[in-house]
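Visitor: Here is how the chains run, residue by residue.
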Amino acid sequence: MKQLMTGNEAAAEAAIVAGCRYYYGYPITPQNELINYMSMRMPQIGGSFIQAESEIAAINMVYGSAAAGARAMTSSSSPGISLKQEGISYLAGSELPCVIVNIQRGGPGLGDISASQADYFQAVKGGGHGDYHTIVLAPSSVQEMADLVYDAFDLADKYRNPVMILGDAQIGQLMEPMEFHKRPKKNLPQKTWSLTGAEGRKRNIVKSFYPVKGQLEEFNAHLQRKYKAIEEHEVRYETVNTHKADIVLVAYGTSARVCADVVRKSRQLEFKVGLIRPITLWPFPKEIIRKISEKVQCILTVEMSAGQMVEDVRLAVEGKCPVHFYGRTGGGVPTSTQVIKKIVEVVPDNLANTLLQLAEVR
Amino acid sequence: MKALYEKPKTFIDTPTHFCPGCGHGIVLRLIAEIIDAWGIRGKTIGLAPVGCAVLAYNYLDIDMCEAAHGRPPAVATGIKRVHPDHVVFAYQGDGDLAAIGTAEIIHAANRGENITFIFVNNAVYGMTNGQMAPTTLVGQKTATTPSGRDSINYGHPIRVCELLSVLGGSSYLERVSLSSPENVRKTKKALEKGFKTQIEKRGFSLIEILSPCPIYWRMDANEAMRHIDEEMSKTFPLGVVKDWTQ
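Going down the list, the protein sequences come from chains A and B. Quick note, the first sequence lines up with residues 1 to 362 if you use the working numbering. Quick note, the second sequence lines up with residues 1001 to 1246 if you use the working numbering.
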């Protein structure tokens, strides 16, 4: 049955549906609905909720529960996620599965509490120290938030790796009808490495410290093999009207909703606008972007940042077509009119007239 | 023939990485003795800190977990919530517990986490070549207080047991030392009390152990032991600081 929920609450309940019984968090806007919801629900289902003394403590509590073999989650927003980076690096280094929700707000510094996508670099390029990756999933609706949080726990367990849900203030606070789909249980590896007490077996050690020369390089090679497997098997994206498109927009999350509107409005024109919406930001859907770039006149990346994902788009395109960028910063959300104006600006002159019609259509 | 003295089974037979005269080996051995005597190897989970004791898991044959610098109280909390009937302890030095991890230890104590904390205080950062610790004595020379710690510029040594004693969630706090065989025996009793507090679900316990670091105190082993008795114990008086387990 469908129900009306905010993205933040949907993320919380989806975690519970996925079997998460350990949640640790620290209040920060715009993700407060999530921590509040968990404080109400966890005691009802025999789970554990702690309002930690800091984001640092919260991520380390997650580390502990993950090391103990349980499904654990924390959530925060941009400044709080910065504080969690130390813990995320250790989680990656100790190969601990967990889910971290980042409901992005404007930055840098304390910034503001409006929607933003300015943490893309931090999320997909590592964020903390060392050669590591978190799997990054970007929902663009409340329904997708619930679906991706559920999948995030499976992915985390499958690869023994932290998974980040990269949302923003709009996806987190927006209310939409949604429902929880319980999926068939996946055949996931047993957590034989976890800390349960060494009764009747050899002891387990959860660590990321490799002081003997050569061991750390070997461990990093293992991590890189794992990341390669994730890149091969876990890429997700959605394409809209990319077949025979003249220009393709690339956007995720809230920006992708705006771009979907642009695609809808342009349908009646001869000039075809398509959309590639990455769902996994890491691994990045570079193959499909590269393929499509060979057939279009140009690509326009739209973000709520000064231009972060556009770098990965350019790397994927490898110069096969021009890649343009339109972005809003500091909590600004692009409107479809602004995106259309940008399209008019970047398309070849002979098509500009057609597009002006489009601008009038709205 | 009955053996009067043996290596505890839980204590792994491996070359030590600790410096000559260091106290960590004694404390780790005492933990192993208690685990053996109480038969709790299969339900004990330990936390190693960052600092000299980062490799504590090299010596204890139990499930163990590393934590980022200062974070063992938070990580231990996460483990204990999953395994509330296991014995969970965190082993921390003075930099880990009383400098970078101050927030974590205070709030673990204040929540009354049912965990045992073993706080080895040697008043110096040994792992990084002997810099000032939060517990460095006034006047003590270290790599970063070359003319001795002066309290106007560097503050005062932090008395962790006293600091935590005012919190409603702390149950058992005791300070002991390793300066003599008698004090080592007292340390073992204090550790037993700490573990017992947890097993009986009486809440947060912390045993602070004054431990020698002859290398960075620039002393020989005997002088270091005397230094604990004659100097360190003045700033950090031995004894039970709080007992709310009754």
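Treat the hints with caution; some may be incorrect.
Below, in silico cross-link-like pairs of lysine-lysine (DSS-like), each with a Cα-Cα straight-line distance of 25 Å or less [what the hints assert, rightly or not]:
id, chain 1, residue 1, chain 2, residue 2
1, A, Lys202, B, Lys1189
2, A, Lys286, A, Lys125
3, B, Lys1009, B, Lys1234
4, A, Lys320, A, Lys341
5, A, Lys158, A, Lys191
6, A, Lys341, A, Lys244
7, B, Lys1189, A, Lys207
8, B, Lys1193, A, Lys207
9, A, Lys207, A, Lys191
10, B, Lys1234, B, Lys1043
11, B, Lys1189, B, Lys1043
12, A, Lys244, A, Lys158
13, A, Lys341, B, Lys1193
14, A, Lys226, A, Lys244
15, B, Lys1043, A, Lys191
16, B, Lys1189, B, Lys1007
17, A, Lys228, A, Lys158
18, B, Lys1043, A, Lys202
In silico negatives: residues of chain B with every beta carbon more than 12 Å from chain A [said to hold, decoys possible]:
id, residue
19, Asn1058
20, Glu1113
21, Val1241
22, Thr1245
Honestly, the hints are just simulated from the structure, not real lab data. All C-beta atoms, glycine included, are put in the ideal place defined by N, C-alpha and C.
Visitor: Any hints this thing doesn't respect? Which numbers, in order?
Guide: Hint check: 1, 3, 7, 8, 10, 12, 13, 14, 19, 20 fail, others pass.
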